[in-house]
Amino acid sequence: MGYSSDPARLFSYPPKYNASGASTPVAFIHSRLVSIQFEILWQFLVKHIGMPGKDLQPIHLPDTLRNWRWQRHLNPHFTVCKEESEAWLETFEAFSPKAQQAFNLCDFNLLASLVYSDLSKDGCRVGCDLMNLFFLIDEHFDLVDTHGASSQADIVMDALRNPYIPRRAGEWVGGEATRQFWLNAMRISTRTFQCRFTDEFQIYLDSMVQKAQDRTEDRNRSIDEYFEVRRVTIGVKAAIIINEIEMNIPEAVMQNEHIVTLITAATDMILIANDVYSYNVEQARGDDRHNLVAIVMRTQNLNLVDTLDWISSLHDKLVEQFLDAFHQVPHYNDPELNHQVVEFAEGIGNWVRGYDSWSFESKRYFGKRGKEVQATRMVDLLPKVSTQSQGLECN
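So for the sequence shown, our numbering puts the first residue at 7; every next one is plus one.
Keep in mind the hints are simulated off the structure, nothing from the lab. These numbers were taken from a predicted model, which means no experiment stands behind them. Incorrect hints may appear among the rest.
[Unchecked claim] Okay, the calculated beta carbon distance ranges per label pair:
| hint | residue 1 | residue 2 | range |
| --- | --- | --- | --- |
| 1 | 167 | 72 | 38 to 46 Å |
| 2 | 341 | 170 | 31 to 39 Å |
| 3 | 75 | 261 | 22 to 30 Å |
| 4 | 383 | 229 | 38 to 46 Å |
| 5 | 167 | 390 | 18 to 26 Å |
| 6 | 80 | 333 | 25 to 33 Å |
[Stated by the list, open to error] Calculated pairs, BS3-like style, for lysine-lysine (alpha carbon to alpha carbon, straight line, at most 25 Å):
| hint | residue 1 | residue 2 |
| --- | --- | --- |
| 7 | 374 | 104 |
| 8 | 390 | 374 |
| 9 | 127 | 104 |
| 10 | 127 | 243 |
| 11 | 323 | 243 |
Glycine included, each C-beta is placed from N, C-alpha and C at the ideal position.
All chains, please: the whole structure from these sequences, using the hints.
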């Protein structure tokens with residue numbers, strides 16, 4: 007079957023969004039999932055250019071977590087939660103069959119089970135559902151303009167605030183997915199968590215609308231501006247809060263400067279990992295404009311090697327900030343509160359390790375070569391693909 011000449015446009019059935027953000031007839035999306043972009047681009051190069059390899063520039067990925075004390079740990083309920091959450095997501099038919107297969111290769115349930123490694127079975131399931139929901143939202147928001155993104159954000163927040171009210175027939179599928187996710191989360195969570203998560207999800211959605219506006223305006227940002235926006239659009243803070251789903255940590259404690267530093271530093275480390283690991287595919291298809299690696303190269307006038315060194319040094323400083331804040335997390339006279347704060351802080355550290363491990367264990371960034379790349383830290387810089395003259399076959 008022939009597909010678009012753009013390797014990033016892999017699947018059929020693009021949705022036609024109306025003014026309300028709903029898709030017709032079904033929310034089949036023209037997915038841009040990174041999960042199999044590495045494999046698809048490689049197949050494309052083999053077919054039209056010949057086997058890449060001999061003349062490709064090797065890239066050495068910095069080992070940013072070489073001194074990170076948190077080690078990989080997988081939630082023991084991973085297998086059952088993955089099975090349940092995948093089945094749940096597929097009931098919404100939010101993707102075409104091909105796109106759903108690609109989505110599954112990302113294995114966002116593995117991500118959840120790595121970053122929420124100490125949660126109960128019910129907590130792990132909520133985490134899996136949230137990871138799937140995050141990326142469903144992200145994929146669909148990428149297809150609409152500012153007005154469409156705003157409409158979809160309103161649908162999601164209405165579902166969060168009114169989970170017992172059935173969604174309107176024909177509405178964008180994200181509303182019902184959010185409603186079902188939240189009903190299950192409410193079943194096991196504290197009121198403190200529910201209020202905090204709802205507030206943070208609103209902030210996340212507002213940032214996604216801003217992201218859509220930036221895309222429409224083709225806006226370039228400085229490094230500082232990029233971090234300011236990306237810290238929110240990546241959704242890490244809302245996701246980290248799942249670690250306290252059964253806790254009652256007061257807002258005053260959460261606003262402690264050291265807790266805030268932990269969350270901010272962890273968020274920055276995660277977005278750095280995301281951009282460094284995704285850069286190869288994004289630069290090959292000419293879609294790296296909003297990637298930190300490309301932004302540093304452009305604004306600092308550096309080559310790729312020096313850019314990765316620059317980013318590695320920045321990451322080292324973030325590690326120092328995180329560890330310094332971790333050792334200054336306040337202790338409280340209330341033993342239960344003190345236990346919850348320590349557990350939450352540990353969970354933030356685990357988030358950084360879990361995301362990094364998932365980056366190599368799933369097929370999202372490196373296809374089938376993830377474990378090899380993790381061990382060697384070496385990848386070949388893919389040649390840029392001309393998308394104007396060649397069609398892409400996907401068999």
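How the hints compare with the structure:
1. 167 / 72: 38 to 46 Å: Holds, at about 44 Å.
2. 341 / 170: 31 to 39 Å: holds, 36 Å
3. 75 / 261: 22 to 30 Å: Between residue 75 and residue 261, where Cβ atoms are some 26 Å apart, the hint holds.
4. 383 / 229: 38 to 46 Å: Violated: the Cβ-Cβ distance is about 24 Å, outside 38 to 46 Å.
5. 167 / 390: 18 to 26 Å: violated, 45 Å
6. 80 / 333: 25 to 33 Å: holds, 27 Å
7. 374 / 104: Since the Cα atoms of residue 374 and residue 104 sit roughly 18 Å apart, the hinted pair holds (cutoff 25 Å).
8. 390 / 374: holds, 21 Å
9. 127 / 104: violated, 30 Å
10. 127 / 243: Holds - the C-alpha atoms of residue 243 and residue 127 are around 22 Å apart, at most 25 Å.
11. 323 / 243: holds, 20 Å
Hint compliance for this structure: hints 4, 5, 9 are not met, and every other hint is.
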